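Asks: Top to bottom, those sequences are chains A and B.
Residue numbers in the first sequence follow full-length UniProt numbering, run continuously in steps of one, and reach 289 at the last position.
Residue numbers in the second sequence follow full-length UniProt numbering, run continuously in steps of one, and reach 1126 at the last position.
Read the hints as simulated data drawn from the structure, not as lab findings.
Remember, it's a predicted structure, so these values are computed and weren't measured experimentally.
Hints are not guaranteed to be accurate.
[Claimed, not checked] Computed from the model, here is a short list of chain A residues facing chain B with C-beta under 7 Å:
| id | residue |
| --- | --- |
| 1 | Arg27 |
| 2 | Gln36 |
| 3 | Trp41 |
| 4 | Tyr225 |
| 5 | Tyr227 |
| 6 | Val229 |
| 7 | Met246 |
| 8 | Tyr278 |
All C-beta atoms, glycine included, are put in the ideal place defined by N, C-alpha and C.
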Amino acid sequence: MAMNYNAKDEVDGGPPCAPGGTAKTRRPDNTAFKQQRLPAWQPILTAGTVLPIFFIIGLIFIPIGIGIFVTSNNIREIENPSKECEPYRRNEDKPIAPCGAIANSMFNDTLELFLIGNDSYPVPIALKKKGIAWWTDKNVKFRNPPGGDNLEERFKGTTKPVNWLKPVYMLDSDPDNNGFINEDFIVWMRTAALPTFRKLYRLIERKSDLHPTLPAGRYSLNITYNYPVHYFDGRKRMILSTISWMGGKNPFLGIAYIAVGSISFLLGVVLLVINHKYRNSSNTADITI
Amino acid sequence: MSTERDSETTFDEDSQPNDEVVPYSDDETEDELDDQGSTVEPEQNRVNREAEENQEPFRKECTWQVKANDRKYHGQPHFMNTKFFCIKKSKYANNAIKTYKYNALTFIPMNLFEQFKRSANIYFLVLLILQAIPQISTLAWYTTLVPLLLVLGVTAIKDLVDDVARHKMDKEINNRTCEVIKDGRFKVAKWKDIQVGDVIRLKKNDFVPADILLLSSSEPNSLCYVETAELDGETNLKFKMSLEITDQYLQREDTLATFDGLVECEEPNNRLDKFTGTLFWRNTSFPLDADKILLRGCVIRNTDFCHGLVIFAGADTKIMKNSGKTRFKRTKIDYLMNYMVYTIFVVLSLLSAGLAIGHAYWEAQVGNYSWYLYDGEDFTPSYRGFLNFWGYIIVLNTMVPISLYVSVEVIRLGQSHFINWDLQMYYAEKDTPAKARTTTLNEQLGQIHYIFSDKTGTLTQNIMTFKKCCINGQIYGDHRDASQHNHNKIEQVDFSWNTYADGKLAFYDHYLIEQIQSGKEPEVRQFFFLLAVCHTVMVDRIDGQLNYQAASPDEGALVNAARNFGFAFLARTQNTITISELGTERTYNVLAILDFNSDRKRMSIIVRTPEGNIRLYCKGADTVIYERLHRMNPTKQETQDALDLLGATAIEDKLQDGVPETISKLAKADIKIWVLTGDKKETAENIGFACELLTEDTTICYGEDINSLLHARMENQRNRGGVYAKFAPPVQERFFPPGGNRALIITGSWLNEILLEKKTKRSKILKLKFPRTEEERRMRTQSKRRLEAKKEQQQKNFVDLACECSAVICCRVTPKQKAMVVDLVKRYKKAITLAIGDGANDVNMIKTAHIGVGISGQEGMQAVMSSDYSFAQFRYLQRLLLVHGRWSYIRMCKFLRYFFYKNFAFTLVHFWYSFFNGYSAQTAYEDWFITLYNVLYSSLPVLLMGLLDQDVSDKLSLRFPGLYIVGQRDLLFNYKRFFVSLLHGVLTSMILFFIPLGAYLQTVGQDGEAPSDYQSFAVTIASALVITVNFQIGLDTSYWTFVNAFSIFGSIALYFGIMFDFHSAGIHVLFPSIFQFTGTASNALRQPYIWLTIILTVAVCLLPVVAIRFLSMTIWPSESDKVYRI
């Protein structure tokens, strides 16, 4: 190291008897950055800055929590616990469309809802099939294969997924909701994060503001059981729910907000007390240096 | 038994050590130092020793043959070495130097190879390979590749910039020109074309291009002056002298061109001062030594031209042989950091193993029965578990921070630049800024426990001024007029009567001038004549003014004083010396010069006056001169036997500015300062008082005091010892009663006595005798071991004792001993040491200490060259340690703590998620987020904090040195702090996962569309994570500049910007398989519910931190908190 040869030294070393005539010094620049004097704000956790945060958060979070909770509680859900379903069958080999395990396991129960009015004939409730998927999914991610008008032609040479009852081009009669852009399929393909999940099946649209969407009365649910969950101890539910600005019913967030807000408020009080207790001593504390 | 006693007696015999003498010269102790410390040897020590061992042994075999003016000669087959299989290359290197590492072709492979020598990079490469295995991988290929490429790229760019600079330098140097004989004439040639055996001509101020044998010069007596500043840092001129015969016959071009001498010498080596060889010419052989060799890197001075024969070229030259042995010093934090990374590895493997077992179990229980999970593979659950182990290693790999090392490097580099840029460590007088020569040690500057300081030139200015003298029993130098009356106020002596006076000497004794001019006392004139004649100073004239170049500042001061008092040294040739004696020039024949060296500590000269009288003049250290006055002893110093005392000189070396203040500041920062000096005891003690290391109420202990204390302690330990000694915990007893201010002043010889480092020549002779029996050999090793144990105990005791003293001054110590003392403290105290010095004699200790600081002062650059930091004044040390060191330490600690935190908070979300996905190594984030989190979304704010953060300003840092203690005690980063950071990360990851989980568990979106889908969930967690960690760094930053604010909010904005881009329809259309999250950001973040979830998550992550910080600041404020509040 002492003798670490450095070509640069040889150059810098120059003839010392003739010190460079120029007045160029090696004096460092006197800039705020280089001298580490950049203007800065040194935040310090004082009672004046910290305590208001806790109170403000308490004051903001609690009403938000109450709001969410109330909204969530106003959302009405009707549940229908599922029953056991039949086992699935195999299929022959051919290129499968759509491929993949998720598609293969697509939910294929059909649900129909009837209003049993005063008449003995049940009135079917219109369940909207379209508009249940994300616009981007329907219009960007999922496209039907190119070709002529006939969807069956376009899917020629493929076979349906092993567990499917119908080939993909027969999912719906509406050409805008058939094949890969069938919204039931798209909804299924948007994988859930957690093992217990909810997926949107159909929409029940309100016809006019005067009439309730689902008038009071007796309803019957007609389920075609196709989807087996027996083997893995699965359970199915059908939930009828209203929605609000915050989506469906979920008490968790509201309660969490109320709890965090309250704890924050409480913490504010506790810290205020502690600060008051220690303020005098810390102000007079000598620096033991 | 006899052997044991013998070797022990070598320690116990002998009288008291002599305080006055430096124990031994350096060469003799080298092997002894090597012997010590074979048992517990710190890494550093070993490295140093290896460096020493690397000094190639000096070989006598002369196998290197150089034929003048005969290039073909060196291409003969027997000079060829086999390089690869059959490619042969001459063993004679050509003169092109190559300090660069890469060229355009080799850069990428070589640099990658270099970088993959690092275990961290190898680790990520292995991960990359694992990811390529489809059964294992759950992550896209680019998640590891992109960060790895970025990390490699940053390092590669840095290397490239360095290498380009080296290329430029090499080119510049290789293309320098000098005159070489070619085809019988001198022709200008580039340095790179010079070859061994070439005859070259050099002119004044030329750099010497290779190691050459001086053949002749334009100066009389074939002298050639060179400056060796590049080699050893010494700025005084040295002279080289060629053989008489070559100088005589080889002056003209034609004779040089026909010169056909053959030189046989040793192979190239790195010994700068050694050379042996023989010149065969005209059927005669002439011995050659180092005096006839000009080394590459020297500069020709005061010589119009000279001729030489190239002996070693390019890579064979001594300066190149000495290069490249860069030691790597590493900091405490480096070691700690490595251990922590290993800890994380272990945690990673354990977690993965646990999750893998979980997966195997889950497969057996659930997975095998779930028809929808059928994947066509017929694996057993345990095999799936095994695969998942590797899957989790990949998924959780971000626990080991990929960008940690490169970020640490960047931060250190920045901090080093701040040191270089500091105006307050810039010494305007010499135009010297501070320089961090090593960029990897900055935070260690904040952890120094012990400072070992040289005295001369470090604490003092090393500018010697002639103050007083004593001639014939009369002391001169007080303030008095020509008639010996003392005055308090008297003007300076006017030297204008003397044309040679330089007008810089401040002298107030007019009586001395009177004495010189009157010539009443001949001794006075004789005295100054001696000063003018007895020295090795070189002189040249610049603008008619005499300019002296002295090997040591005190010699220069004496010659200069003589010049001012009318005895000006004017010129020197090899055999004569010319002096102006009060205006009359006289030339003396020099018959002999015995140069000064540290063993003899005196120099002598024999001159013949023009009248024909022969006189011997001698000057030297008081002790050695005193011995030789009027005493007869029939030794070889016969010529110096009966000397008459002419007088004595007093030279002053002032303390540098601000030394006492700096020392007291550093003492308040609980840094112990040891002064190690070659001076004698009295001088050292005086300096101790002058720089306030010692005060009136300090009790001073000397060698004999502590020797008895240590003896008593040893006895004690021996009595208590025996069988139980090994099991009983070592009792820490104090040597001194607590309280009171104690200082230790110890001389080199006492140090040897106490540390049993005495020369053991006798035992060495015994060793040479071959042990005859097995018994004997065993006895011998046993006694050796016992001796070593004793020595270690004694050393430990000494260090304990010395550390109880507030100040330690070691005087009359050799460079080796300086290094030894540093090493002792390093070894037995496990403390961080800093050595500061300015001269070649400090190089050893500078290299031994954890941090070496060089003062660029009067004594050349050698200390600076081997140092890690250098500046011009001792007082800058306080700023380096208390400001830069402290800041660097705090920044690095904060940086590391945050870095581990943020990676844990990020990665462990996968862990929590695994409980909800059958331990299937499913990631909780989008692949692109994993790819960019470490390099884009969370890197800049923490980097800036690591570069810019200041808890208190520099002024306050200096005003309250007690703030320094956090670093010494490792308070800000240690295993506890590390685990707290990990815990913080774990808790944050829990909050990040479970609050969105709760919120998503049974919800539907605004439009009834499912927001609880995997992709929205991932976006929610990722958004909360990015906001949390960036706000967290905001909380950790105590010095908010606009760049900090910009980087924090910029990182968050960047995250959202990139996410919306990657989730856009357009990019999906372009790369459908890479960007799968199409529309997630816009769909998810449109929902107020998700925003409310994110806000809640961030709040729950940060509020406890704020509360805890506030509480701890209120209840247990740290020193810097207190300082800040003032």
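Asks: Each of the hints needs a verdict: does it hold here or not?
Replies: Going through the hints against the structure:
A hinted interface residue such as arginine 27 of chain A counts as satisfied when its beta carbon comes closer than 7 Å to some beta carbon of chain B; here the least separation is about 6 Å, so the hint holds. For glutamine 36 of chain A, the shortest C-beta to C-beta distance to chain B is roughly 6 Å, which falls under 7 Å, so the interface hint holds. At a threshold of 7 Å, the smallest CB-CB gap from tryptophan 41 of chain A to chain B is about 4 Å, leaving the interface hint in force. The beta carbon of tyrosine 225 of chain A comes no nearer than 15 Å to any beta carbon in chain B, farther than 7 Å, and the hint placing it at the interface is violated.
Interface restraint check: tyrosine 227 of chain A against chain B, minimum CB-CB distance 10 Å, threshold 7 Å, status violated. Below 7 Å, beta-carbon pairs count as interface contacts, and valine 229 of chain A has none with chain B, the closest being about 9 Å; its hint is therefore violated. With 7 Å as the threshold, the beta carbon of methionine 246 of chain A comes within range of chain B, its nearest partner Cβ sitting at about 4 Å, so the hint holds. At about 5 Å, the closest approach between the beta carbon of tyrosine 278 of chain A and any beta carbon in chain B falls short of 7 Å, and the interface hint on this residue holds.
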